[in-house]
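Those protein sequences? They're chains A and B, same order as listed.
Be aware that the first sequence starts at 1, since it is given in the numbering used here, and climbs by one per residue.
Be aware that the second sequence starts at 1, since it is given in the numbering used here, and climbs by one per residue.
In case anyone wonders, no lab produced these hints; they're calculated from the structure.
Owing to the predicted nature of the structure, the values given are computational and were not obtained by experimental measurement.
Virtual Cβ for every residue (Gly too), placed ideally from N, Cα, C.
One or more hints might be untrue.
Claimed, not checked - Stretch-level coverage of chain A by chain B, calculated; a stretch enters the list once three of its residues show a Cβ under 8 Å from a Cβ in chain B:
| no. | region |
| --- | --- |
| 1 | 628-636 |
| 2 | 694-702 |
| 3 | 723-732 |
As a plain string of letters, each chain reads:
Number of protein chains: 2
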Amino acid sequence: MGRFCLISLPPSPTTSSFPTYSLGCSLMAIEAARLSPSIAAAAFLASRPPLALRPFSLRRRFPLLRVLANSSGGDGRVVALSSSELRKRRGLSSSSGAADSASDGDEKLRSLRRLFARPDVAIDAYIVPSQDAHQSEFIAECFTRRAYLTGFTGSAGTAVVTKNKAALWTDGRYFLQAEKELSHHWTLMRSGNHGVPTTSEWLNDVLPSGCRVGIDPFLFSFDAAEELKDSIANKNHELVLVQGMNLVDEIWGDARPNPPKEPTRVHDIKYAGIDVPSKLSFIRSQLAENGCDAVVISMLDEVAWLLNMRGSDVPHSPVFYSYLIVEVSTATLFVDNSKVSKDVLEHLEQAGVKLKPYEAIISEVERKKILRQFNRENIIFAMLLLIKTLIALSRLAEKGAKLWLDSSSVNAAIITAFKSSCDMKKKGKAGEEVGEKEASSNDRITGDPSVHNGVISAVYNVSPVALAKSVKNDAEIEGMKNSHLRDAAALAEFWCWLEEEICKSVPLTEVQIAEKLLEFRQKQDGFIETSFDTISGYGANGAIIHYRPTPESCSSVGSDNLFLLDSGAQYIDGTTDITRTVHFGEASPRQKECFTRVLQGHIALDQAVFPERTPGFVLDVLARSSLWKIGLDYRHGTGHGVGAALNVHEGPQSISYRYGNLTALQKGMIVSNEPGYYEDNSFGIRIENLLLVKELNLANSFGGISYLGFEKLTFVPIQSKLIESSLMSPSEINWVNDYHEEVWEKVSPLLSGHSRDWLWKNTRPLLDV
Amino acid sequence: MGRFCLISLPPSPTTSSFPTYSLGCSLMAIEAARLSPSIAAAAFLASRPPLALRPFSLRRRFPLLRVLANSSGGDGRVVALSSSELRKRRGLSSSSGAADSASDGDEKLRSLRRLFARPDVAIDAYIVPSQDAHQSEFIAECFTRRAYLTGFTGSAGTAVVTKNKAALWTDGRYFLQAEKELSHHWTLMRSGNHGVPTTSEWLNDVLPSGCRVGIDPFLFSFDAAEELKDSIANKNHELVLVQGMNLVDEIWGDARPNPPKEPTRVHDIKYAGIDVPSKLSFIRSQLAENGCDAVVISMLDEVAWLLNMRGSDVPHSPVFYSYLIVEVSTATLFVDNSKVSKDVLEHLEQAGVKLKPYEAIISEVERKKILRQFNRENIIFAMLLLIKTLIALSRLAEKGAKLWLDSSSVNAAIITAFKSSCDMKKKGKAGEEVGEKEASSNDRITGDPSVHNGVISAVYNVSPVALAKSVKNDAEIEGMKNSHLRDAAALAEFWCWLEEEICKSVPLTEVQIAEKLLEFRQKQDGFIETSFDTISGYGANGAIIHYRPTPESCSSVGSDNLFLLDSGAQYIDGTTDITRTVHFGEASPRQKECFTRVLQGHIALDQAVFPERTPGFVLDVLARSSLWKIGLDYRHGTGHGVGAALNVHEGPQSISYRYGNLTALQKGMIVSNEPGYYEDNSFGIRIENLLLVKELNLANSFGGISYLGFEKLTFVPIQSKLIESSLMSPSEINWVNDYHEEVWEKVSPLLSGHSRDWLWKNTRPLLDV
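With these hints in hand, go ahead and build the complete structure from the sequences.
Right, dumping it as structure tokens:
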């Protein structure tokens, strides 16, 4: 069995006032996430082969355009930054050149290793993952610690540092970039390549038996930490939860960017549809049904949805850093006060939601530490704060509350803190001595984490918010429909423009085209930002599913090959995600055959009818069958959930060849329909619409149950000239014609001039065969 | 935690020389079986709603024609018995009338309860399930103890008797029959009806806390016994494994039919394809790979397949009662010596397989008991036997062998015996005292059953034979193809005959038609018997998926409604299973629409192409989609595995909406393709062919893997007039025409006269629409 040691450190004076416990998601966390229905959708595009370092949707979209909320305007409009600007912002280009970078890297490693030796740390290795404390897909800059430490700026990767070695794990799409960016002090571990060990296998290999491996417990979900603990226990290593400071932050010091302080806003009830008291009431009914007294919600989109609030702390997702604890009669939002305007405060007060500092979620159980921390500045303030905050987790534990915890998303710091509180309660001496005991206690988690000293203190279950959020109400559906039409208008204008430019042989790169697309979208009402980094891939680049063009290296788009464009937007009322593949010249018969097979899969899924209680994976085969018939396939899932004016990837539903996610598709859910085909070094094809699950009114309803189907949300033409009609059945041809007729009817009123003409031309019926 | 008590009893003088520990499968066993890939296929037709008492394929086919091997001829030809004759053979009609039956039932219950009180039994309740010790689908008459005790002759049901209550659980298809057959001493528990408790819920309800619930451990798989133990532990009841005698046998006494003594035969290598040493060698390589020293094989078809032997101990399946232990250098068949002819003995000796009495499998660990048993007759014989038999399980345990056990199929008696032996070994005193200790020991199984006193003595895994058996070799495939053509010829003759008879308005019942079908099949070379009880359902009877016509109550078949006929045969070289649905008059538009939708599902599955490693359940949706489109569905799986000249239902593969069976479809496997639709009180439709999984040679092979598809084995026309062509796509119409062309080409050479004309007429192409 593994050992699990928790140490609490007083924060260093260099620590930012923003909580030092923060971002990152280890490989293990991501592996665990695959099995968690709550974020299983995020795994929908994960590779089939073992080279999958982490689920695709968590890694596919590296910032091409780093879109930041423009705080000056306050209207949510965004500006795009080039990759070089981005790197500058990240403080990575302060030194210009590999040598400098190397010496810089060396100094960082030396500083980090000096911390290993501190008696209150005393570790032999430290793992630095990529993500934030909330399992977010997109994270704030201050949490890019792995990038800061290693110099490697790719979105996916895990750094592991021992006293004399430093290694970075990343996957195939980042091998070249990592080779360029890493100094000679780092060993690049090419995940997925034959013989490359996992991080824990490597640790078991390079460390002598019985070492102490440190992590920041905020950066690992509880499940991930458990898995790590077990896997390094093979070599009798002990997992040390280094509390109170993140070691990378210690060496980053004052240069570390400030945590985001973007203001939050109320998500208007006309878009949210259901008010906060009703949502809280529903969650409380879920608590009651499950015999729980409280739930800790740590996924940022879940907090935003539940409180009808939005923010802009991270790119692409309108969320804000926070935690929420909902109890039977109270609810507490843990958020930086400066983000809460008077309007928002009023909104929260009306819903009976109390505010506490973001840090308080953990400090409530880490009393001693808080006391020390604030003592330094103002003892009175600290005492007042303590009176306010000494109630949540520890109070829950003390009163024997049963807590609902989603251990696949809630981080190890919170869960171990709660467990500590439960232990304190057992000891019967809440108060004076506990802090000391806790600071030095070894928290050994073995077996069922919900049972401590025989007392069931927590229920480990998927967050009750996940499913509620995924089933859209009428207002959310209306917002999604409306925003999709405006998005379709922007795309029609864009494609019209692009076709004309290519026709005139204007040289345009993949990046320039993505920037122009952003301009068209920015003109639409309610536009906020892109919902992910645009994937703009010409020719062979389109075959790289995770393609990340850079201004320096990207291709020009011409008329000799296929062009794949996967993009989306956040609007005030909805979120979009669409992929089209086009050819501006003459596609080869091979390309047309493949395109047609992908389209047939897209149509088969779009047309599916299925009984209630059908999990998404049952339908996945419908999207692949046409490709399988000729021995082709694609190495990603077919559909992910999409939030309503929220995250572009959400769970719990998905449509994938992965069979683990048993979440049934339900009326009101939104999923993407995006089969593809990728021919290495040649071309890529993907056709993606968003679909709303709806109840059908059929002639029969065998079994007395509902039968469900899909309603399209996306209305942008599919390039007819890529369709090999002779392969299509009459009903498939009718599908294309009906779709294009609907596109014309819905979108043409929003267009004029060239783009309207373009839409007309591109929605003409295919000739029957 | 539940308690698990093992008691060993000296056999009563009335006990037959055939082992008293024998058949039966509890509800729990069946529930467990659902999750076991090894027999998951057997669950393919299980109902979706909770009323499923047990998997459909285990219950769907109750003897309509009880087909017994004709031992006088020795040619394997069979004779059909009527239901009434059957009941007579079962000794159930010795008393004629409900009153007699009731008093008889009362006397049986009184006798059974007297046994409860015996000091060496001391139980408060006894559970009597339906099946044999090998989880067989079809069982020998001497094992129909539940029917003997209760008077209820249905194939599915579990009896539970307490000191003052007696209850029988059965499912919807048997409610009426059970009401007629049960005396007033019995309470009928209508499984699946709202509020009806399970057997263990009922026991927990009617017994005061802390009672002893007895079972014959041979009649429960180890998993099932574990589940039962846990579920009754809620009320602090103890599960008592009553060894050494079956209490029903005690009261059945001399009237109990003799166990089957049918001779076994060698399954010719020209049909088996692979000789026994090669098969044993493969199993031994599997043992080595899994770090095991021996495997206990208890499924009868697995023994038959592995040893290239066949028997006729039970109807429909060419198997013989036996166990097999394969060790690294030896193999031991536990079978009644009288069944083994000189030829078979030679065959076994050549393969290095030793013979032991069937009983020895367990007596080897139950030394004391054997000693007592044989002491009574001949002490010298007993000693000699002991010397021979005191080696298998106990020797394995004593030498610390690691045993491969499929706890979903191997019964609790064997596994607990092995565990006892391991315990003996631990005690270090094999021999004199052990028997006594064992007889009074409480065998408490808690947690991982493979670990006893910290020593891993067994590996619990699906039988290594199951997968090997399911992947057919070339000879088996050839035999299956050949036997299917002869079967098709018999069916063409049959359908031609039936059409003429109905046309002439000859009155024929469902049972008479099934008998006539048997006659046509009997004329074919190599015919042995039916592979299951024919389902012959006209009109509303066709809608009863588990329909069991009886001569007394069945319908006449006319030309006003659909007629569903599901039948199959055992031939020397293969096993068939085919369903056709026809109308001899004019089908309604509704019936044609439903038939066409079922056919479309059948075609979609038949045409499926899929990558290697695809589990069957992925394809299930293809067979349902066409029905779902109009809100229809069917409450059974789509396909089950089929043995080669073996059981008509086998695992581990299946094609079902149940997602638990992850077994991939592999080249050489055989599955049925049998979507259906059933309109209550109106009509039933099912179209079933058997399919061989084959590797395809496609233009591409994305991922460098194989792509698989199906080859049809069944060649019997599908009634064209039931097809609503306007609903069919051109490619579906082509499928029907191509199939019928192939049927004509393959089967017409085997026919002449009217039946050849019939085949010609019924294989003409559909007109294109």
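Hints versus structure:
Interface restraint, the region 628-636 of chain A with chain B: holds (7 residues with C-beta to C-beta distance below 8 Å; minimum three). For the region 694-702 of chain A, the stated coverage by chain B is satisfied: 6 residues place a CB nearer than 8 Å to a CB of that chain, which reaches the threshold of 3. With a threshold of 8 Å between beta carbons, the proposed coverage of the region 723-732 of chain A by chain B holds, since 3 of its residues qualify and at least three are required.
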